[in-house]
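Those protein sequence lines, which keep their order, are chains L and V.
Mind the numbering: the first sequence is residues 21 to 309 in my numbering, read in order.
Mind the numbering: the second sequence is residues -5 to 286 in my numbering, read in order.
A couple of the hints might just be wrong.
Looking from chain L toward chain V, a few residues come up when the C-beta cut is under 10 Å (computed) [claimed, not checked]:
hint : residue
1    : F117
2    : E121
3    : N136
4    : W281
Treat the hints as calculated values from the structure; they're not laboratory data.
Computed from a predicted model, the values in this text were never measured in an experiment.
C-beta: ideal position from N, C-alpha, C; glycine also.
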Amino acid sequence: MPDVFSRPGPAVGIAYSSSTPAFLSRHPEAVDYVEVPFELLQHDPAAAEVGQVKPIVLHCASLSVAGSVPPSEETVAAIRRWVETTGTPWVGEHLSFISAEAVTGADEYAPGEPYNIGYTVAPPMNEETVETVLAAVARDGESLGVPLLLENPPLYFPVPGSTMGQIELVRELVNRLPSLGLLLDLTHFLITARNVGFDPLTEIGRYPLERVVEVHVSGVEEQEGAHWDNHASRAPEIVFELLGEVLPRAPARAVTLEYNWSSRFPSSVLLDELARARAVIAATGRGVA
Amino acid sequence: MRNREVQSVVTRCLLDPAFLARLAADRDAVLDGLGLGGEASARLAGLDLARVRLFSGFVLAVKHNDLWDRFPNTRGLLRRFRIELEVFSAYRDAGGARHVDRSAGRPAQIACFLDFLDWYLAAQPETRLAVLRDVARHERLVWEIDRELAAACEDVPLSAAVEPAEEVAAAELIPRPRGSLRLACFEHDPLALMERLAAGDPMSAGCERRRRWLAYLVDRESRTLRLLELDEATAALMAAIDGRRTLGEVVREVIGDDAGLTAEVAVSLLDALQGLEAFFFVPSGAAAPYLR
Chain L
21 MPDVFSRPGP AVGIAYSSST PAFLSRHPEA VDYVEVPFEL LQHDPAAAEV
71 GQVKPIVLHC ASLSVAGSVP PSEETVAAIR RWVETTGTPW VGEHLSFISA
121 EAVTGADEYA PGEPYNIGYT VAPPMNEETV ETVLAAVARD GESLGVPLLL
171 ENPPLYFPVP GSTMGQIELV RELVNRLPSL GLLLDLTHFL ITARNVGFDP
221 LTEIGRYPLE RVVEVHVSGV EEQEGAHWDN HASRAPEIVF ELLGEVLPRA
271 PARAVTLEYN WSSRFPSSVL LDELARARAV IAATGRGVA
Chain V
-5 MRNREVQSVV TRCLLDPAFL ARLAADRDAV LDGLGLGGEA SARLAGLDLA
45 RVRLFSGFVL AVKHNDLWDR FPNTRGLLRR FRIELEVFSA YRDAGGARHV
95 DRSAGRPAQI ACFLDFLDWY LAAQPETRLA VLRDVARHER LVWEIDRELA
145 AACEDVPLSA AVEPAEEVAA AELIPRPRGS LRLACFEHDP LALMERLAAG
195 DPMSAGCERR RRWLAYLVDR ESRTLRLLEL DEATAALMAA IDGRRTLGEV
245 VREVIGDDAG LTAEVAVSLL DALQGLEAFF FVPSGAAAPY LR
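In isolation and in its complexed conformation, chain V is listed as follows:
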């Protein structure tokens, strides 16, 4: 068996996880299918397919070195928990970013890996990996917001507040985010986790685990990001805001009916949302923003 055949088989194992799996299952049959005879099987008997798989994961990890720049805590925790190679090997097994259109660029490939990572971590029984999942999701949100800010966008002119001719009922106002708004539910406080990482904490001790909602509010004018912790009710309300429906319609979706939506409740909700300084309010059917 010549070197070219050894290199061909090894290379295909690195590039084609399905081939590697078939080779692991029935080496002789697979090699016969390639026209490689008994000598090839004998030579390749010593090929450590498990280690080859990990090497393919290693190569993929190196090709994702830019994650160090954009997702330093995620990458750091992958290494801290010593699962980086297995994650990238599993990503390779799943096809990697092969289905991502290359013309979509590097961000699409990164998003593909992050989608996989979130899925992979959600499926793991180890509770400590929930920490990594929260950190990865936080860093991804910040990354997406940064990209959004960097992209050209038309800002809604907020400086010219217009008083409507008539007072509008709170329930008939349409709340619209002032800038970017993202909501995410975490099991830990991602900022606290990253502080611990920065302090060199080995993350072996437990982290407070409590379901919490965070709102990522980006003011495009000042280009600042604010993080707010929300209660479940406010988070549900904000998640339903789509910039098209009135406050009344949003509340009806969240509560399920409008039996509790009195004028007082609507005003109270309006005040709460205004207090976040994250929304402006447009009368239903109007074009200009309305600021009370």
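So here's chain L without its partners, still in its complex pose:
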């Protein structure tokens, strides 16, 4: 298989859903790679068969790099096995926590067990988190054998204990770890901007774009006075505007369209979105020579 990630311009891929194999059989040239979640592979190893057709990029939501409860050795070992099996060039992981220690008192909940949300949550943005993440990357990330990219989480509510903004947190991490690469989720960035209250097009320039290896694009939805991630609807135009701002300044090797929450996401729409992404890449002058 050609090395799509070494081209001058970023490769364009999609996040895996159950309709992906059929989509690829009908449109084999539409995408350059498929991003597959580690958690899905654990549940359905057959999903890895897509790697016979397209390169796989492994995505993860299990390391809880910003949490106080480290992942089990079994989990890290399993991620490592899938790194080898898929041949992924890197692993994208969320700058988040998925579990927490139980603070015990008179009122116990799930005694003896850490709390496990089963979903990523933005951490307090402070010095302690910087240290926790750096330790986690050193402990678990470096054992994977490929680079670990950190993905910015969406901020749905102000997290207590935060003493800095998200951009500052990410900047502090890359300053302390020069080898650290980033996965910039533009939709998460937009959600954070909308929920916190800043202009994403202005602030994106403050993000350490020089470290961005992969970019995510997905839909957004507004409900109950806040903005929420939505991988079942098209990205709004502003996300592609942000992509156009980022690519001239980021050495991104991959742009992933995350439309994987519904296997009924129309193929015609997915093709449109892929064309949209490629058009933005071409307009920035970073298209494949």
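Start from chain L and add chain V according to the hints.
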């Protein structure tokens, strides 16, 4: 207050709706109970518990992403009416599928959510949500029928019709469904609603509201589903058919007495049911099916 304590409290809020409610009611007392002092209370004063609740609903909604595949119109209307987050947050408040035995599998968890959704929608004053309720119930019926067809089942041999030695009075025949039969009462036509959805209708304009009964008839041999709209009387009759009682017994239950159950009425009912091509008829006490 260290990060581990913040994360612990936030996580418990996401997982334990009762805890979140207690925290909202008396933050200091709850945090004192966890051994977290005044500084913790000050730090957590800015935690937006209403938004945390919605986030817990969001997480639950994501964990139900398979509903997009099986119940696309239901999910679509939840989003169209912008109540998806509130519904899943309320589902979380109610405990979600926590009481469902995991060994029962995903279908049981889905059924649990659909039960909750039907209850939730029935309790809402907004008349537009009756549309969503009807669509959800229709999609659920189709889902249940699909599962039933996919499951192994023994088909009743219908190809060998047997003539009884004697003519049997219509009232003494036992009607039995040829395949699966489900009945449901709706306020709208769910098929018409889904057509409007497919056409991109924002569903903001009113939908014809008229009580109607639909019969979902599944022929296991051909694996086809037929939908029939029934009048109230026929629906009541079909709802009472249990495959064990005679037509006469069913009619007596529906009408309340057998004063009007003449032989002519019984034959007329038999003809009506046969016209639906949804039943075969067995003489009371006989083993073989009887087809007139």
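Interface hint outcome for F117/L [beta carbon to chain V under 10 Å] = This interface hint holds because 6 Å falls under the 10 Å limit.
ask   = Are N136/L and chain V close enough, Cβ to Cβ, to be under 10 Å, as the hint says?
value = At 8 Å from the nearest chain V Cβ, N136/L passes the 10 Å test, so the hint holds.
message = Does W281/L hold up as a contact with chain V if the rule is Cβ-Cβ below 10 Å?
response = 5 Å, holds
query = Regarding the hint that E121/L lies at the interface with chain V, is the smallest CB-CB distance below 10 Å?
reply = 5 Å, holds
In summary, the structure agrees with every hint in the numbered list given earlier.
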